[in-house]
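Using the sequences provided together with the hints, build the complete structure.
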Amino acid sequence: MRGQPGELEDRARRELPGLRWVIAGLIAVLVGLVAIKVVTVATAVLAAVLGAVPVVVMAWAGRPESVRGSKNRPSPPLSAEKLLLFALPPRISDPIIGDLAERLPLIQERHGDRFARVWYWRQALGSVSRFLGLRMTGAVSLATLARFARRFLPL
Amino acid sequence: MGRGTALGPFQQQILYVLLRLGERAYGMSIWQELEERTGEAKTIGAVYSTLERLERRGYVSSRMGDPTPERGGRAKRYYSITGAGAMALQESERMVATLRMLLPRLGAES
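Protein sequences appear in the order of chains D and C.
Counted from 1, the first sequence has number 72 at position 81 by the numbering used here; the numbering is strictly sequential.
Counted from 1, the second sequence has number 78 at position 64 by the numbering used here; the numbering is strictly sequential.
Read the hints as simulated data drawn from the structure, not as lab findings.
Being a predicted model, the structure only gives us computed values, none of them experimental.
Any given hint might turn out to be false.
Straight-line C-alpha distance at most 30 Å; calculated DSSO-like pairs for lysine-lysine [what the hints assert, rightly or not]: (1) Lys56/C with Lys73/D; (2) Lys28/D with Lys73/D; (3) Lys56/C with Lys28/D.
With the C-beta cut set under 10 Å, the calculated list includes, among others, these residues of chain C facing chain D [unchecked claim]: (4) Tyr30; (5) Trp45; (6) Gln46; (7) Glu50; (8) Gly59; (9) Thr64; (10) Ser76; (11) Gly79; (12) Pro81; (13) Gly86; (14) Gly87; (15) Ala89.
We treat Cβ as the ideally placed atom computed from N, Cα and C, and that holds for glycine.
Below you can see the structure in the form of structure tokens.
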């Protein structure tokens, strides 16, 4: 049977004329899903990279205190907060930002302003990378699905 | 024990902390408790992503609290262990105990 692929193809084309369109539709949906995942992951990576820029600038410039903060109640770094809001799922970003805001004064009191900012950035980037990992796991499973499709669909 | 009910070490730690903290369990309190008891410095994101996984599996449930000024007007998300979560934890303990019982026998054989 393996030596007559043309015959099989002709027979399939005669008996199931709509099959190719169904397969093409499935592939189009699959490609669409993969594209959405790729865009999501790429956006999160870009946000993480852009978010890291102020850390480098702050470390280089040695800024003495947060622009928005005060001695009594320090404000979290604005860019880090935006990064969290942008990159994390909405149901998680609010509690995480609140938790970090709650802990930040204690860190600042114990270790100083600069350490507190670095700590906040470390938490923000660590959190984003964790959730990015979860999203990439989803992307990997889509890739696995695509491999299965290529292997088992008669294309 | 089905493959789907297996818990990782960090998942187990979080479920124990949820049992210990009861109604006071939210992101920061869970994180602090873990840091104090285990001495490991994880990020807050590691705690939340694990809680998300556990919630997706039905082992943990969550509800939003009220926003407070000391949190910059952000609300807490409170977590609690479900019946399925408690059972999964018991099952993990049982599995570890079973495996531990094999150790002297393995030692005697070698």
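Outcome of the hint check:
For the given pair, Lys56/C sits about 22 Å from Lys73/D by alpha-carbon distance, which is consistent with the 30 Å threshold. Simply put, Lys28/D and Lys73/D have alpha-carbon atoms about 22 Å apart, close enough for the 30 Å limit, and the pair holds. Between Lys56/C and Lys28/D the alpha-carbon distance is near 27 Å, which keeps this suggested pair within the 30 Å criterion. Because the beta carbon of Tyr30/C sits about 20 Å from the nearest beta carbon in chain D, more than 10 Å, this interface hint is broken.
Because the closest C-beta pair between Trp45/C and chain D is about 7 Å apart, less than 10 Å, the hint holds. Annotation: Gln46/C was flagged as interfacial toward chain D, and the flag holds, the nearest CB pair being 8 Å apart, inside 10 Å. The restraint placing Glu50/C at the interface with chain D is violated, with a minimum CB-CB distance near 13 Å, outside the 10 Å limit. At a threshold of 10 Å, the smallest CB-CB gap from Gly59/C to chain D is about 3 Å, leaving the interface hint in force.
Because the beta carbon of Thr64/C sits about 9 Å from the nearest beta carbon in chain D, less than 10 Å, this interface hint is met. Nearest Cβ of chain D to the Cβ of Ser76/C: about 9 Å, under the 10 Å cut. The hint holds. Evaluation of the Gly79/C hint against chain D yields a held restraint, the C-beta minimum of about 9 Å falling below 10 Å. Residue-level restraint check for Pro81/C holds (minimum Cβ-Cβ distance to chain D is 8 Å; threshold 10 Å).
The restraint placing Gly86/C at the interface with chain D holds, with a minimum CB-CB distance near 4 Å, inside the 10 Å limit. A hinted interface residue such as Gly87/C counts as satisfied when its beta carbon comes closer than 10 Å to some beta carbon of chain D; here the least separation is about 8 Å, so the hint holds. A cut of 10 Å between beta carbons decides the hint on Ala89/C: the least distance to chain D is about 6 Å, and the hint holds.
Consistency note: the structure conflicts with the earlier hints numbered 4, 7.
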